[in-house]
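Chains as they are written, first to last, in the numbering used here: chain A, 1 to 288; chain B, 1 to 288; chain C, 1 to 377; chain D, 1 to 377.
Honestly, the hints are just simulated from the structure, not real lab data. Every value quoted in this text rests on a predicted model; they were computed, and no experiment measured them. Glycine included, every Cβ here is placed at the ideal spot set by N, Cα and C. Be aware that one or more of the hints could be misleading.
[What the hints assert, rightly or not] Computed cross-link-like contacts, BS3-like style, restricted to lysine-lysine with a CA-CA straight-line distance of at most 30 angstroms:
1) A/K243 <-> D/K98
2) D/K81 <-> A/K243
3) A/K243 <-> D/K289
4) B/K43 <-> D/K98
5) B/K144 <-> B/K202
6) A/K243 <-> D/K175
7) A/K243 <-> D/K158
8) A/K43 <-> C/K175
9) B/K243 <-> C/K269
10) A/K27 <-> D/K289
11) B/K243 <-> C/K135
12) A/K243 <-> D/K269
13) C/K301 <-> C/K289
14) D/K60 <-> D/K87
[As the list claims (entries may be wrong)] Anything over 12 angstroms on all C-beta distances counts as not near chain A; from chain D, calculated:
15) A33
16) K158
17) K175
18) R225
19) T356
What follows is the residue order along each chain.
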Amino acid sequence: MSILVNKNTRLVVQGITGRDGAFHAQKMKAYGTQVVAGVSPGKGGQVFEGIPIFNTVREAREATGANASVIFVPAPFAADAILEASFAGVELVVTITEGVPVRDMIRVMPLARQNGTRLIGPNCPGLITPGECLIGILPGNIFKQGPVGLMSRSGTLTYEVVNMLTENNLGQTTCIGIGGDPVAGLYYRDLLQMFEEDPETKGVVLIGEIGGDAEEQAARFIKENLTKPVVAFIAGQTAPPGKRMGHAGAIISSGSGTAEEKIKAFNAAGVPVAGEPSQIPGLLRSLL
Amino acid sequence: MSILVNKNTRLVVQGITGRDGAFHAQKMKAYGTQVVAGVSPGKGGQVFEGIPIFNTVREAREATGANASVIFVPAPFAADAILEASFAGVELVVTITEGVPVRDMIRVMPLARQNGTRLIGPNCPGLITPGECLIGILPGNIFKQGPVGLMSRSGTLTYEVVNMLTENNLGQTTCIGIGGDPVAGLYYRDLLQMFEEDPETKGVVLIGEIGGDAEEQAARFIKENLTKPVVAFIAGQTAPPGKRMGHAGAIISSGSGTAEEKIKAFNAAGVPVAGEPSQIPGLLRSLL
Amino acid sequence: MKIHEYQARDLFRQYGIPVPDAVLCHTVEEVEARVPDDGQLRVVKAQVHAGGRGKAGGVKLARSKAEAVENARRILGMDIKGYTVEKVLIGNAVDIDKEFYVGLINDRNSKSVVLMVSAEGGVEIEEVARVSPEKILKVPIDPLTGLMEWEAREIALKLFPDIRHARVAASIFLKLYRLYLDTDSSLAEINPLVVTQQGEIMAIDGKMNFDDNALYRQSGILSMREVTEDEQKEIDAHARGLSYIKLDGSIGCMVNGAGLAMATMDMIKLYGGEPANFLDIGGSSNPQKVIDAMEILLSDKNVKAVMINIFGGITRCDDVARGLISALDQIRTGIPIVVRLSGTNAREGLELLRSTGLPTVATMGEAARMAIELSRK
Amino acid sequence: MKIHEYQARDLFRQYGIPVPDAVLCHTVEEVEARVPDDGQLRVVKAQVHAGGRGKAGGVKLARSKAEAVENARRILGMDIKGYTVEKVLIGNAVDIDKEFYVGLINDRNSKSVVLMVSAEGGVEIEEVARVSPEKILKVPIDPLTGLMEWEAREIALKLFPDIRHARVAASIFLKLYRLYLDTDSSLAEINPLVVTQQGEIMAIDGKMNFDDNALYRQSGILSMREVTEDEQKEIDAHARGLSYIKLDGSIGCMVNGAGLAMATMDMIKLYGGEPANFLDIGGSSNPQKVIDAMEILLSDKNVKAVMINIFGGITRCDDVARGLISALDQIRTGIPIVVRLSGTNAREGLELLRSTGLPTVATMGEAARMAIELSRK
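Could you build all of it, start to finish, from the sequences and the hints given here?
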């Protein structure tokens, strides 16, 4: 078992003829993901590395039964690509694109909700159910099947932690990069609920960072709703206020969104917070 | 029985301190309608002819349990008033105001639908269930309880027909002026369905006019779905194309929307069409 | 409200929709002065608020400057369906490869704006709709999302197999939609939208109508209004709270309510007469409105008799009668007037009117018959 | 991106939000020339991208022209939280009856724009939020409807019992919301919005931030950008695909990925060092990016040691190592550099790096410790 994606997931790649889209479409296919279609307007009818290309997501979905989409189109067009997928009835849309204006994402959110589409990202590395389905730009080789659910706002920091988990023989059910932007799709609370309900997941790793109060909300949610153990890590304890730390969402505004507050919230919820990433596997193992 | 409104309808009057709002609030109350509240921003707390005034529809609804609203506010603010009522949870909103821009109404429609609000109008005289509830500017004295359901795009022409019905001892379950604008709330099809389901209604009078194809659609709907007899009348047989005949919706566009087409459609559906209004009572009686 | 092709073209340009170069001329002298003698093929088009200009001879090709001048001379001053041509638009002709139709309207059934596109451009779209409706693609636009980019592209891809053309067409759909909303339009058409031999996409002819109810907030559009004498009369009437439309018959009518006014015209026709107008005086018993309405009505010299048809609802017939008496008192005319009152307090109203000596009746039918009879005397 | 108060004020005026009269001056001479000697009470305000101007002495009342000049002289050139004051805004003081707060932000939780209003205006809203959060009314705005007029009025009526004030306030909410959307703002505040003794409503001070991701389509806003030297460095880095933020420590760090870069800074601090910067070089192994990053990093004279922390994912560590070797080859510096590689093909990568003679390690912890040690030599 796993959450969100598995071996039955049928993926369409939006922007498959772009540099990143083409590269990662191959990578995902090589990993074993069912990459059933690509979309690139005007290139419908062509085939890329065995993947049929369509002009529109609607055509791709009708022809291939795609139920998930990954978006590699440039930032100015990303929100429209999400809407196209959502209005075509795609159930899960993962947006890798970085730099999408927040106003565009705010506009997308209620429409995706109305259409019953779940969003991940934007500005995220994607998600993976090891051995079954990889969507996005995650390096598949560092993941391993096992009992840990993981969610994170960052990319390489996630790989760092996953690598440590795998090296310590703590495989993963599903790992999700929720993205570093201030307004994004599925967030900690949604995913915690899914992990709680997934019988294979025995414990959860939550990697947070400064900015916003999603971690504080997650802490409260864990306290009230989770029976499974959670270990947290928060990046950005040394970040100065008012500066955007790479991620558009990683910004401390006027004394709120600090790592200190987040760590306090987790402590109050009984969630151990690792002082450095390397402590995560040990903390988790002690709770499983 | 009746449709849409009855003695349990609790009405709030939006724009109660305006000239028309004040005049008709009194008239409606005198007719016996439960006028439970008025709305006029900044005049909350005042009382008009025994009707408490509130600043917002939300307050009015919370304090009085109003479930219907009638709108007398000027055209530039009418669509916003409809939205206010709809977002406050009012179930039926009747807009009397004339001259509301179509763009505003188009914007309102899906939001009202999402909120579960039924709209009547704009640019309509309102509706009445004789002896129970009058909403709008209809002259209550010409109506009478009885077995006829009536719907019309016009005002005085409706009164003319109702007067004849009443004089011929054909009372009414409910009469609805759906309004003369091209984009309006409940329309023939919706109302025909309601009359079909209302056990008290034995026959229906449909008063149409040139412009659009609502009458043609109604004709098809009657043929397929109605067991009760319907008599129709169409105004505007002599109207020239391309001109707006008073009502914003009464305009023949490039050969479509003509009275001739509408009459043909009703004939095809087996619905008798009166040559002049005075024939309506006779035609209807012969079918009851 | 309608505007001319050249005005629609200006709006298209403002919104980035490509159009061919063109000059607007009011006189032959202006054509002489402004059209260069460069061998460019041009089209001289009459600017009137009427369809079917082509058939009426209001659109002509010009292979030279001389021919442009000559054609302008023929077209300026021409009468097309009752409209006198006062301006011509002289535009560069383009080498057309393919013609399309693009239109936006407010749609009653979907209660939304509908985008209509067709590969059958350049002809009357109503004709296409009648003969082969399947050749018109109609897409209702969700008012909550507006026309989305992917949606515009999806539609464009159905008409333009070349993605470069489809992208330009999609952007034109989006621009036209933006223009439509911004201006409270009720009809916006590009017909034809062409692909030229050179692969360019351009709006060759355009038409826009606007929602009269929204003109109060569209001062820019309102400033484009150009009207005939008859239309000006309608606008003046509107400013006085009256809806007036001139027709060609001899029976003037004055009615309270638009539906009843149409039914009145129909009844005049049914009984063998011809209505001279549509005139709705609305819901009040204000004598001034009746006076205004009478003035407008009688300014039409074809009117031989007048039928006043009032149904008293909230406004009681006796009040209406008092208003009529006071108004008719001030109107001196030899034209016979029949008054019909019905509804609330009709009897009292008719009683009051008896003093005026005017023929008064209780039904529309009688009133129509009597007015027709009087008009023939 | 941030703008100055005077720029926010200009935007407010463009959108019809009332503001008091004011002049912007860059020099004392300009104050002499432009401020009239009319006895008007004025406020001289430093224009800097930093909060807490008042406490820092950057806001002063002036009862006369002489006092305005004197205060401008004091404030111009002043240092406020590292920002040098280069402009002052000299505005007419108004007789304040009551102060309010109005703000719009992008909210993560509701995934929408949130309107915040409070009757506790004129003080730091963060302080109000901390001490008495119930005094701030927060309304998420449905992205599908936008802020509706009735909604704005309903909110305004909670703060302004007088309907005339409530109507003006509601219109200001609507205008600010329109401005916010039009400019891709991420924060728009009026603080305070005041009711004057004369019953007028005005925005006395304003603040606006903008979404950096949207600047590509906001040329008007972008043209307002005024930056310090350090900020310019960050912008230049961004143009080269790097995220750089200067800090005050001595350990420079270069990391692939923003989260990992923050974690790296944290680790340096955890082990007793102070990071000199945040620097994310993104996902590729392009040597030029490493060279660019190194140049930016070493331009900070406080840097005593550099920690390069790379996790190889899709990009393999051996490729990264080749890129690093090629880059470090071109960089001549006496500053010690520690390289940590982990992830895909880490072993191969570390093997390759051995040839450079640089200290190479396999964990972040080791790298941090070693960098701190080297920085102290």
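So, going through the hints one by one against the coordinates:
At most 30 angstroms may separate the alpha-carbon atoms for a hinted pair to count; A/K243 and D/K98 exceed this at roughly 33 angstroms. Between D/K81 and A/K243 the alpha-carbon distance is near 14 angstroms, which keeps this suggested pair within the 30 angstroms criterion. Restraint check for A/K243 and D/K289: satisfied, since their Cα atoms lie roughly 22 angstroms apart, inside the 30 angstroms limit. With a CA separation close to 22 angstroms, the supplied pair B/K43 and D/K98 stays within the 30 angstroms bound.
At most 30 angstroms may separate the alpha-carbon atoms for a hinted pair to count; B/K144 and B/K202 meet this at roughly 15 angstroms. Note on A/K243 and D/K175: the hinted pairing holds, with a Cα-Cα distance of about 28 angstroms set against a maximum of 30 angstroms. A C-alpha spacing of about 35 angstroms is found between A/K243 and D/K158, which places the hinted pair above 30 angstroms, so the restraint is violated. Using a Cα cut-off of 30 angstroms, the hinted pair A/K43 and C/K175 holds, with the two alpha carbons roughly 25 angstroms apart.
For the suggested pair B/K243 and C/K269, the alpha carbons sit about 18 angstroms apart, so the restraint of at most 30 angstroms is met. For a cut-off of 30 angstroms, the pair hint linking A/K27 to D/K289 stands: about 24 angstroms separates their Cα positions. Restraint check for B/K243 and C/K135: satisfied, since their Cα atoms lie roughly 28 angstroms apart, inside the 30 angstroms limit. Under the criterion of a C-alpha separation no larger than 30 angstroms, the hint pairing A/K243 with D/K269 is consistent with the structure, at around 18 angstroms.
Among the hinted pairs, C/K301 with C/K289 is consistent with the structure: their alpha-carbon atoms are about 20 angstroms apart, no more than 30 angstroms. In summary, the hint linking D/K60 to D/K87 is supported, as the alpha carbons are separated by about 14 angstroms, within the 30 angstroms threshold. No beta-carbon of chain A comes within 12 angstroms of the beta-carbon of D/A33; the shortest separation is about 35 angstroms. Its beta-carbon lying about 24 angstroms from the closest one in chain A, D/K158 satisfies the requirement of being farther than 12 angstroms from that chain.
Listed as a non-interface residue, D/K175 keeps its Cβ farther than 12 angstroms from every Cβ of chain A; the least gap is roughly 17 angstroms. The claim that D/R225 lies off the interface holds: its Cβ sits roughly 15 angstroms from the closest Cβ of chain A, which is beyond the 12 angstroms cut-off. For D/T356, the shortest C-beta to C-beta distance to chain A comes to about 22 angstroms, beyond the 12 angstroms cut-off, and the non-interface label holds.
Going down the numbered hints, you'll see the structure goes against 1, 7, while the others check out.
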